[in-house]
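K.L.:
Protein chains in written order, with the numbering used here: chain R, 1 to 292; chain A, 1001 to 1236; chain H, 2001 to 2329.
Keep in mind the hints are simulated off the structure, nothing from the lab.
Treat the hints with caution; some may be incorrect.
Dumping the calculated EDC-like pairs for lysine to aspartate or glutamate here, alpha-carbon to alpha-carbon at most 20 Å [what the hints assert, rightly or not]:
(1) A:K1136 with A:D1098
(2) A:K1136 with R:E166
(3) A:K1059 with R:E166
(4) A:K1058 with R:E179
(5) H:K2091 with H:E2171
(6) A:K1058 with A:E1070
(7) R:K169 with R:D180
(8) R:K169 with A:D1098
(9) H:K2313 with H:E2171
(10) R:K169 with A:E1104
(11) A:K1059 with R:D98
(12) A:K1059 with R:D96
(13) H:K2313 with R:D98
(14) H:K2202 with R:D98
(15) R:K169 with R:D182
(16) H:K2313 with H:E2327
(17) A:K1136 with R:D180
(18) R:K169 with A:E1222
(19) H:K2313 with R:D96
(20) A:K1058 with R:D180
(21) A:K1136 with A:E1165
(22) A:K1173 with A:E1089
Chain H stretches covered by chain R per the calculated footprint, using a threshold of three residues with CB under 8 Å from any CB of chain R [what the hints assert, rightly or not]:
(23) 2181 to 2194
(24) 2223 to 2232
(25) 2250 to 2263
(26) 2275 to 2283
Partial selection, computed: residues in chain A whose CB lies under 7 Å from chain R [said to hold, decoys possible]:
(27) H1077
(28) R1081
(29) Y1086
(30) G1092
(31) R1096
(32) L1097
(33) L1105
(34) P1107
(35) L1137
Yeah, the Cβ is synthetic: ideal placement off N, Cα and C, and Gly gets one too.
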Amino acid sequence: MEIFGIPAQALYGQLALGLVNGAFYALLSLGLAIIFGLLNLINFAHGAQYMLGAYVAWMLLSYLGIGFWGALILAPLVVAMLGMALERGLLRHLRDVDQIYGLLLTFGVALILEGLVAQTYGWSGMPYPNPLPGSVDLGFMRMPMYRLAAIAISLVVCLAVWIAIERTKLGAYLRAASEDADMVQAFGVNIPRLIMLTYGFGVGLAGLAGVVAAPVYQVSPAMGSNLIIVVFAVVVIGGMGSIAGSVIAGFGLGLIEGLTKVFYPAASTTVIFFIMILILIFRPSGLFGSTR
Amino acid sequence: MTADTAMLSVRNLHAWYGESHVLHGVTLHVNRGEVVTLLGRNGAGKSTTMRAIMGLMKKRSGSITYEGREAITLPSHQIARMGIAYCPEHRGIFSRLDVQENLELPPVIGAYPLTLDRVQAMFPRLLERRHSPGTKLSGGEQQMLAIARILRTGARFLLLDEPTEGLAPIIVKHLGEIIGSLQSMGFTILLVEQNFRFASALADRHYVVEHGRVVDEIASGELAAGSARMRVYLGV
Amino acid sequence: MTSSTTTLAAPQSERRMTQRRRMAELGLFAAIVLMLLLAPLVMNPFVVMKIMCFAMFALALNLLMGFTGIVSFGHAMFFGSGAYAGGYAIKALGWPLEAGILLAAASAALLGLGTGVLAVRRHGIYTAMVTLAFAQMLLFLAIQAPFTGGEDGLQSIPRGYFLGLLDTRNEFQLFLATLILFVVVFLIVFRTVHSPFGQTLKAIRENETRAISLGYRTNRYKLAAFVLSAALSGAAGAMKAAVFELASLTDVSWHTSGEVVLMNLVGGIGTMLGPIAGAAMIIGIQEFLSGIEDWILVINGVIFVVVVIAFRKGIVGEIIGFLARHEGR
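Start from the sequences and build out the full structure, keeping to the hints where you can.
P.N.:
Written out as structure tokens, the structure is:
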């Protein structure tokens, strides 16, 4: 069977790959959006923290024999703790200065993390074993089991985070504090602690994405820095204000990238940036964003 | 009304917005069960005094004691947890929260909070509109919501910053009744007001704030004599 | 600060201060040029040339970051496109060096116009993200484009005559050519910053809303600054390509964008001489550490963190602050 002259199998295959990429875009831009909402910080270290999640998973396996499912819980916790230490030790001192310094500081942190990991394990990638070998017959195509799991994990986590933010008390604190943190603190909520936990949670999501990515891609020091810039474009397209927007834009742009690989492979690395340009021209605040 | 018996004592309070020095030594006392107003022109420092008491001014000095405990160095959330609740100018209703969520947002901090049912009985409109986004309410409803949500925290001391601002006369009258009943329920209230008529009907005492200082104190009894003085201060 | 929109209204004492500061800046710059001329006696002339190329690049970025308040995190796209355009003109078309530099400046300016129109619509950190994304897009295009040499880059760019006078195959004359371009770029930035146009840019940086209310179409001014900054970055990139006979993907990469931001941050954002000090320091450290490249990332990162936490004014900014405090006494 062919669709627009493209074999259906190839089309479905690329769409599935696109969804896998989209799963990572969604998890990463979701974390960025949560952090940005409360801290007004563009967390440049997000890519490095994603990479760190993958490396922690690799280390857990290599040194302690803890497999993928254990790492899926532990590695994000480790990344979140390191993130909270970073917030407490450094980022907190920048709350009263221009937002750009937060970006610069986290840029520095990204360089340090990438450099240290490269120094220790080298620049070349290291494989991480696939925890779910085999494939599933979806009726119209066969799909590697693990990729399906990666998409499912991302969807479930995004949905859970959305519910936690929209439907729980803690989520209400977060939403209210994103609007006016001083006011929420004046009600008796410990905002400095909420900020630390929120940053930890956001980078924990990056760490989780890193663990999920490890079996799909290889584990390498530069895996985060290349991805995070694409995710920034996803964020500009989705709009900074919205949690749902970042998830929808993440999966949507992953799919579009997959389609581009089928129909015009040369543009597949740049298509998201072209879409960003269109958005900047026609809807500068992003698809779901409020004007800032 | 000496400082020792006062519930809240503010002495020589200074505060800064960045480099600009906005409070120049505010001194005032509020006794248990009183309603006290801060009067003064726009920009005199009334709201800033409230923000400074609440710990929302980054740089401040002097002394703020609440029930004998010093609060000048405490972060804002700890000041709230001493039992002070703040209802800001422009109400501070969150647009991303619905009415119910706005109402339930402030954590309970005192021993004897009003129950949610009781608060909703006082403000029936809030129950009707509980699923609307907070900022979709009318100005009057938003003001009721802003007051309602700090009643169910158990705080005994309320800071109300210009609750009548921009409201229709009928709602202002209703608000007056509410504040009166809060006083009879035992709440202590510090009120910022531009509406002198509203304030004079409610308050036990008035402080006049000018250029970041308290320049005069008028008891309600002296009001007739004070009115002429007030006109000078407020320029009305 | 208060008189930034109308210099005419500035009190005379303040004008005299600015005048004195300008003379001091020019005097110090002359001393720097002299030091640069003598530097090859004690160190590798190619290191000095590299410092000059990156100082030009940093000066160009500072025009935006320091004097207009626009943070570009993707300035390597202008530096890199300049390197490719200049390198291509010299290598494939056989153009002389100065023509290559002009072409580089022109193509970077054109790219600056395209990206700037979109980037100046957003503010602060958004501009930073948008410029970063544009630069990344250019990196991908550079990997695919037929004339960039892909992963290998443009190698063995031949050295020829500069202005028909200097034979850059000779190391000293190449050095002189670099120094001449460096002085020209500095003077362009200096002249721009102290012109009425530069005063308007500063007014926009201090308070854009007020500048708009005074009737300035601030986006046009910001765009003009963006294009000029891009053009100068492109020229710096072309000179770098000529000096090292190489234009590569590194020149377009986000590492390079970050590095030039770091140079400004270390030297002092919004100071005239800060970018030069910052470039000298960062390149100096890198040369000192050459051979253990992985550590360069870590060290750059540590410098970022330390400067952001402890010396946000940078070296030159702190010195100016120190002098101002002592003059005040």
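K.L.:
Look at each hint and say if it fits the structure.
P.N.:
Hint check results:
no., hint, result
1, A:K1136 with A:D1098, "9 Å, holds"
2, A:K1136 with R:E166, "18 Å, holds"
3, A:K1059 with R:E166, "35 Å, violated"
4, A:K1058 with R:E179, "19 Å, holds"
5, H:K2091 with H:E2171, "19 Å, holds"
6, A:K1058 with A:E1070, "17 Å, holds"
7, R:K169 with R:D180, "16 Å, holds"
8, R:K169 with A:D1098, "12 Å, holds"
9, H:K2313 with H:E2171, "36 Å, violated"
10, R:K169 with A:E1104, "9 Å, holds"
11, A:K1059 with R:D98, "18 Å, holds"
12, A:K1059 with R:D96, "12 Å, holds"
13, H:K2313 with R:D98, "13 Å, holds"
14, H:K2202 with R:D98, "17 Å, holds"
15, R:K169 with R:D182, "18 Å, holds"
16, H:K2313 with H:E2327, "18 Å, holds"
17, A:K1136 with R:D180, "17 Å, holds"
18, R:K169 with A:E1222, "48 Å, violated"
19, H:K2313 with R:D96, "15 Å, holds"
20, A:K1058 with R:D180, "15 Å, holds"
21, A:K1136 with A:E1165, "18 Å, holds"
22, A:K1173 with A:E1089, "18 Å, holds"
23, 2181 to 2194, "violated (count 0)"
24, 2223 to 2232, "violated (count 0)"
25, 2250 to 2263, "holds (count 3)"
26, 2275 to 2283, "violated (count 0)"
27, H1077, "5 Å, holds"
28, R1081, "5 Å, holds"
29, Y1086, "5 Å, holds"
30, G1092, "5 Å, holds"
31, R1096, "4 Å, holds"
32, L1097, "6 Å, holds"
33, L1105, "6 Å, holds"
34, P1107, "5 Å, holds"
35, L1137, "16 Å, violated"
When each numbered hint is compared with the structure, violations occur for hints 3, 9, 18, 23, 24, 26, 35.
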